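> Line by line, the protein sequences give chains W and H.
With the working numbering applied, the first sequence has no gaps in its numbers, which climb one by one up to 653 at the end.
With the working numbering applied, the second sequence has no gaps in its numbers, which climb one by one up to 653 at the end.
No lab work stands behind these hints: they were computed from the structure.
These numbers were taken from a predicted model, which means no experiment stands behind them.
Please note: incorrect hints may appear among the correct ones.
For chains that are exact copies, the list does not tell them apart, and a pair is met inside one copy or across any two.
Claimed, not checked - Using 30 Å as the maximum straight-line C-alpha spacing, the simulated DSS-like pairs for lysine-lysine come out as follows:
(1) Lys127 - Lys542
(2) Lys514 - Lys87
(3) Lys564 - Lys514
(4) Lys172 - Lys109
(5) Lys650 - Lys337
(6) Lys502 - Lys87
(7) Lys172 - Lys514
(8) Lys389 - Lys337
(9) Lys337 - Lys406
(10) Lys109 - Lys502
(11) Lys502 - Lys542
(12) Lys635 - Lys542
(13) Lys329 - Lys406
(14) Lys542 - Lys337
(15) Lys389 - Lys406
(16) Lys514 - Lys109
There are 2 protein chains.
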Amino acid sequence: MRASNYHINTLKEAPSEAEVASHQLMTRAGMIRKVAGGIYTYMPMGLKVLRKIENIVRQEMDAAGAIELLMPVVQPAELWMESGRWEQYGPELLRIKDRHGRDFVLQPTSEEVITDIVRNEIHSWRQLPRNFYHIQTKFRDERRPRFGLMRGREFTMKDAYSFDRDEASAQSSYDAMYDAYTRIFQRLGLEFRAVAADTGSIGGSRSHEFQVIADTGEDLIVYNPDTQYAANIELADAPGLIQHRAEATQPLQKTATPNASKCELVAELLGVPLDRTVKSIVLAADDPDAPGQSRIWLLLVRGDHELNEVKVGKLPGLEQGYRLATEDEIKSAFGCPPGYLGPVQTARPVQIVADRTVANMSDFICGANDEGFHLTGVNWGRDLPEPAVADLRNVVAGDPDPQGGRLAIQRGIEVGHIFFLGDKYSKALNATYLDTDGKPAVLQMGCYGIGISRISAAAIEQNHDDKGIVWPRAIAPFEVVVCPMGWSKSETVRNAAETLYEQLRQEGVDVILDDRDARPGVMFADWELIGVPLRVTVGERGLNEGIVELQQRSTGQTEKIPADSALSQVLERLKSLA
Amino acid sequence: MRASNYHINTLKEAPSEAEVASHQLMTRAGMIRKVAGGIYTYMPMGLKVLRKIENIVRQEMDAAGAIELLMPVVQPAELWMESGRWEQYGPELLRIKDRHGRDFVLQPTSEEVITDIVRNEIHSWRQLPRNFYHIQTKFRDERRPRFGLMRGREFTMKDAYSFDRDEASAQSSYDAMYDAYTRIFQRLGLEFRAVAADTGSIGGSRSHEFQVIADTGEDLIVYNPDTQYAANIELADAPGLIQHRAEATQPLQKTATPNASKCELVAELLGVPLDRTVKSIVLAADDPDAPGQSRIWLLLVRGDHELNEVKVGKLPGLEQGYRLATEDEIKSAFGCPPGYLGPVQTARPVQIVADRTVANMSDFICGANDEGFHLTGVNWGRDLPEPAVADLRNVVAGDPDPQGGRLAIQRGIEVGHIFFLGDKYSKALNATYLDTDGKPAVLQMGCYGIGISRISAAAIEQNHDDKGIVWPRAIAPFEVVVCPMGWSKSETVRNAAETLYEQLRQEGVDVILDDRDARPGVMFADWELIGVPLRVTVGERGLNEGIVELQQRSTGQTEKIPADSALSQVLERLKSLA
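Modelling step: build the complete structure from the supplied sequences, incorporating the hints.
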């Protein structure tokens with residue numbers, strides 16, 4: 076490609092709303108342009124990146140035996156009603172009406188449609204297993220779209236759906252996708268981690284996320300540097316930190332703690348470590364015994380720990396949803412406003428659940444259910460009944476791994492997610508096949524997503540510096556840029572640059588010749604911002620000495636190479652890049 | 076590809092709603108499955124066809140210097156309001172609201188978004204000309220979607236948009252697209268014709284449609300077999316068939332024509348040729364002199380001719396729209412119900428326009444404005460004033476071409492349309508650039524569409540027989556199918572089939588090996604329905620004699636070829652196919 080025939084339009088400034096590097100840099104490099112909140116045009120170079128990602132995903136899906144088809148963007152509401160998600164899905168599901176007033180959705184995901192297809196297309200065990208996938212535009216009506224392509228409303232995803240006879244076969248299909256995803260992210264040239272994850276609104280019994288490691292990631296990954304273990308913090312088991320509960324040594328005492336409504340303040344006031352305190356979180360949920368009324372829950376985690384909402388949502392009784400209790404509810408249950416609550420002698424009965432660590436604490440400190448007062452020397456069994464126990468907290472770095480070693484935490488960006496669905500959708504939509512015994516059996520499903528457009532943003536979050544993007548070779552908009560110094564002035568330079576450009580093209584390299592006749596500073600800044608892995612600078616002075624300059628974007632290092640072996644050296648360097 | 080790893084699901088019956096061959100055959104061959112009215116899933120083989128079409132289009136667009144980008148499916152209403160099309164576009168524009176109640180559309184076309192991009196991206200004459208294109212999902216909320224992919228609601232199109240400094244340069248861009256389209260349809264292997272066409276709701280000053288020739292086409296193409304002339308019948312100039320008006324020879328007479336309310340009945344009753352009669356069509360349109368009231372128009376075409384609604388819509392005074400007059404309006408204007416109307420002595424003044432041919436008729440027959448009566452021997456100038464004259468009718472086959480020869484008519488399916496837009500959108504959206512003189516000037520635009528998914532259907536309408544689809548090689552889901560006879564029974568057959576299959580794959584042929592172990596009749600019927608261009612049948616008896624069978628789908632002819640030169644013969648035959 077010649078730059079003069081292409082569209083290159085870099086910007087000095089990113090839009091003020093761009094909070095993250097990928098949003099800023101993709102906009103500045105001219106890869107995306109905003110059309111509306113969370114809706115972008117992929118400009119030519121942005122689209123090239125997207126297509127390269129798509130192609131790698133497609134090749135590996137095909138190699139894994141998945142079959143590509145294409146389901147529509149606009150899907151009839153009937154199927155979503157049949158699965159129950161028409162009701163369950165929140166306002167992120169954009170519901171629309173056609174000219175006749177019939178209900179449709181803009182697809183955020185296609186479990187319903189694929190299951191409908193398969194229940195009509197798959198009749199016999201002979202047709203199994205099958206894995207269908209598509210790469211399609213999706214829409215999720217985010218309340219507050221932001222971070223550019225990281226959390227857009229319209230985006231591109233690859234979705235695959237596997238159908239199997241039984242759980243063992245479905246596990247094989249799942250494993251094959253796990254392996255394909257591993258190859259995909261390796262080929263994309265990204266540092267990533269496959270982590271056990273929660274199944275969320277998609278459902279199913281187990282899942283793995285593929286996380287691109289980046290300091291700006293929204294997800295926290297818990298892993299053990301010494302083993303294969305990695306899990307999203309939502310799911311990662313937090314060990315009890317106290318093996319055996321110590322004997323009580325202190326009497327129960329009520330202590331004035333005026334204005335100390337948080338554990339940190341109480342610990343400071345009383346001059347004790349924060350890990351002697353217990354934090355009280357009050358939730359409300361529907362009371363199964365009294366329809367229409369709420370039951371009040373008191374969850375306890377150690378003062379230095381954080382409540383894990385996903386784990387809370389799995390507690391028996393809270394699976395159908397919960398919310399923070401209102402101040403009125405709190406006062407009525409505890410006889411006290413928030414800030415001084417605790418499990419000892421509540422005004423009315425509440426459901427108390429203690430985190431594993433809290434359950435083994437002794438002589439601990441918690442609110443006294445009396446404004447301005449805390450209790451010290453609190454002991455289970457003596458001062459209050461033994462609690463129900465559960466894992467309620469987030470892992471923190473340094474927690475011991477029960478398998479040995481210590482857990483570490485890093486940030487990641489979720490770019491892929493694979494789910495073992497079982498029969499959740501196939502049962503709801505009655506997708507069956509005739510098994511070897513001639514009897515109908517329900518299909519076992521898996522689903523497997525990759526955020527194509529999000530990968531482009533995640534790659535930048537992981538790979539950028541103060542000059543711009545540092546693309547991995549596999550998904551760079553161009554692999555090599557040839558920059559002639561003084562295009563319009565020197566025929567020698569023009570000829571040498573053209574020759575190298577044509578030679579690289581012949582070798583199948585995705586190369587761009589910057590024939591815009593721009594000043595070197597402008598050219599260099601543009602290509603550093605755009606992030607092309609290799610730059611070859613061709614100048615008259617160098618040519619007189621028989622050399623051209625080769626710069627590698629990732630290291631910033633420039634070296635002089637012989638002009639007459641430039642082609643082979645560039646090819647070799649390209650090969651060495653991830 | 077091996078059939079056992081692929082999804083092949085042919086049907087004996089097409090759905091009853093499928094009225095045209097492409098809809099029936101794509102469904103029966105398992106290429107599409109309906110999700111809702113006008114909304115389909117492209118099953119694996121249907122998607123393969125679509126991708127092959129897309130690739131040819133992309134290659135030729137790139138070769139023509141157009142630059143690919145990707146605009147979103149969901150577009151903000153603001154831009155459509157700015158261009159005025161939010162109001163002008165009918166209910167086919169699906170208007171939606173997001174969760175915050177903001178207005179959006181599902182794009183049926185992207186003039187607004189591209190013009191918005193360009194007004195922000197193009198600043199200087201140095202950046203011109205530019206041609207941007209995208210291949211994207213579109214939505215048109217057809218009142219009555221039908222004919223499968225021919226008139227769907229969700230479909231795939233390629234849209235290109237060119238931006239130029241002046242009209243001459245814009246014409247060059249237009250011509251380059253005309254040439255690219257010609258190459259595209261040649262490469263697709265389709266019989267097609269580029270025809271001058273009306274610009275319709277897109278607007279602009281001139282346009283060409285690319286029509287795939289097919290008896291089932293909805294469009295009528297007027298062409299001259301001896302010249303390059305071709306135009307959509309909507310636009311094609313209909314010559315006046317009478318060079319000079321003859322002198323009046325008959326007196327004006329009122330004749331009873333009971334129950335003869337149509338020209339055909341009058342001609343039969345009076346024993347005269349149909350071309351002696353004149354047909355009266357009564358329209359109503361807003362009266363510019365009396366706001367809120369309608370003006371009545373009487374249009375006259377010869378009894379054997381048909382009114383052309385597009386031409387009528389271009390008459391001064393009818394450009395803003397018109398409708399058929401109601402029976403009350405007709406009675407009030409003519410003092411007579413429909414069936415016996417004419418231009419002589421109307422009850423009230425009406426706007427009379429005669430077709431070119433009618434304007435030169437003499438001694439003609441028309442309604443008498445008296446129920447059950449017609450006038451004969453009617454003559455312009457003598458019996459009624461000279462009329463306003465315009466081209467009002469459709470060309471009929473055999474009409475003389477003013478450039479020599481006679482006009483013919485054939486049916487076509489519109490699969491491409493290129494428009495010379497001028498400044499319609501750039502002016503409305505204020506898309507300007509700084510010209511060489513440093514002053515802002517309005518961009519000249521063109522837009523260029525290709526119906527990617529419709530091409531797949533049009534190709535079938537043109538190429539099918541009673542056994543199924545006959546794909547042109549370039550867009551067939553597979554180029555060659557290898558059919559082994561007795562896959563599970565004969566190792567000789569398996570080896571020979573595998574070998575040929577692998578050899579063809581090595582040569583880059585898109586080949587499928589039918590290893591389903593199905594009966595020959597089932598296999599042959601499937602592949603004839605699916606329409607693969609070449610079939611190689613490998614059987615034990617043939618192999619013993621050193622031969623395999625090669626069948627060409629388009630001719631149905633089978634020939635025995637030496638097994639040991641099968642590869643080269645298949646390759647040669649493939650080359651000979653369009």
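> Each hint: holds or not?
So, going through the hints one by one against the coordinates:
1. Proximity of lysine 127 and lysine 542 under a CA criterion of 30 Å is satisfied intra-copy only: 23 Å inside one chain copy versus 40 Å between copies.
2. In the homo-oligomer, the alpha carbons of lysine 514 and lysine 87 lie at most 30 Å apart only across protomers (24 Å), although the nearest pairing inside one protomer, at 67 Å, exceeds that limit.
3. In this assembly of identical chains, lysine 564 and lysine 514 lie within 30 Å of each other by CA distance solely across copies; the values are 29 Å between and 80 Å within a copy.
4. In this assembly of identical chains, the alpha carbons of lysine 172 and lysine 109 lie at most 30 Å apart whether taken from the same copy (26 Å) or from different copies (19 Å).
5. For a Cα distance limit of 30 Å, the shortest separation of lysine 650 from lysine 337 qualifies neither inside one copy, at 57 Å, nor across copies, at 80 Å.
6. Taking the shortest alpha-carbon separations for lysine 502 and lysine 87, only the inter-copy value of 28 Å comes in at or below 30 Å, while the best intra-copy value is 55 Å.
7. Taking identical chains as interchangeable, the C-alpha atoms of lysine 172 and lysine 514 are never at most 30 Å apart, the minima being 40 Å within one chain and 47 Å between chains.
8. Taking the closest pair of Cα atoms, lysine 389 and lysine 337 come within 30 Å of each other only inside a single copy of the chain (26 Å); across copies the shortest separation is 78 Å, beyond that limit.
9. For a Cα distance limit of 30 Å, the shortest separation of lysine 337 from lysine 406 inside one copy, 17 Å, qualifies, whereas the shortest one across copies, 88 Å, does not.
10. Taking CA atoms no more than 30 Å apart as the test, lysine 109 paired with lysine 502 passes between copies only; the shortest distance there is 22 Å, against 41 Å inside one copy.
11. Proximity of lysine 502 and lysine 542 under a CA criterion of 30 Å is satisfied in neither setting, with 53 Å inside one chain copy and 38 Å between copies.
12. Proximity of lysine 635 and lysine 542 under a CA criterion of 30 Å is satisfied intra-copy only: 22 Å inside one chain copy versus 66 Å between copies.
13. Taking CA atoms no more than 30 Å apart as the test, lysine 329 paired with lysine 406 passes inside one copy only; the shortest distance there is 19 Å, against 100 Å between copies.
14. Proximity of lysine 542 and lysine 337 under a CA criterion of 30 Å is satisfied in neither setting, with 43 Å inside one chain copy and 79 Å between copies.
15. Within a single copy, lysine 389 and lysine 406 get their C-alpha atoms as close as 26 Å, which meets the 30 Å cut-off; across copies the closest is 77 Å, which misses it.
16. Taking the shortest Cα distances, lysine 514 and lysine 109 sit within 30 Å of each other only across copies (28 Å), while inside one copy they are farther apart (54 Å).
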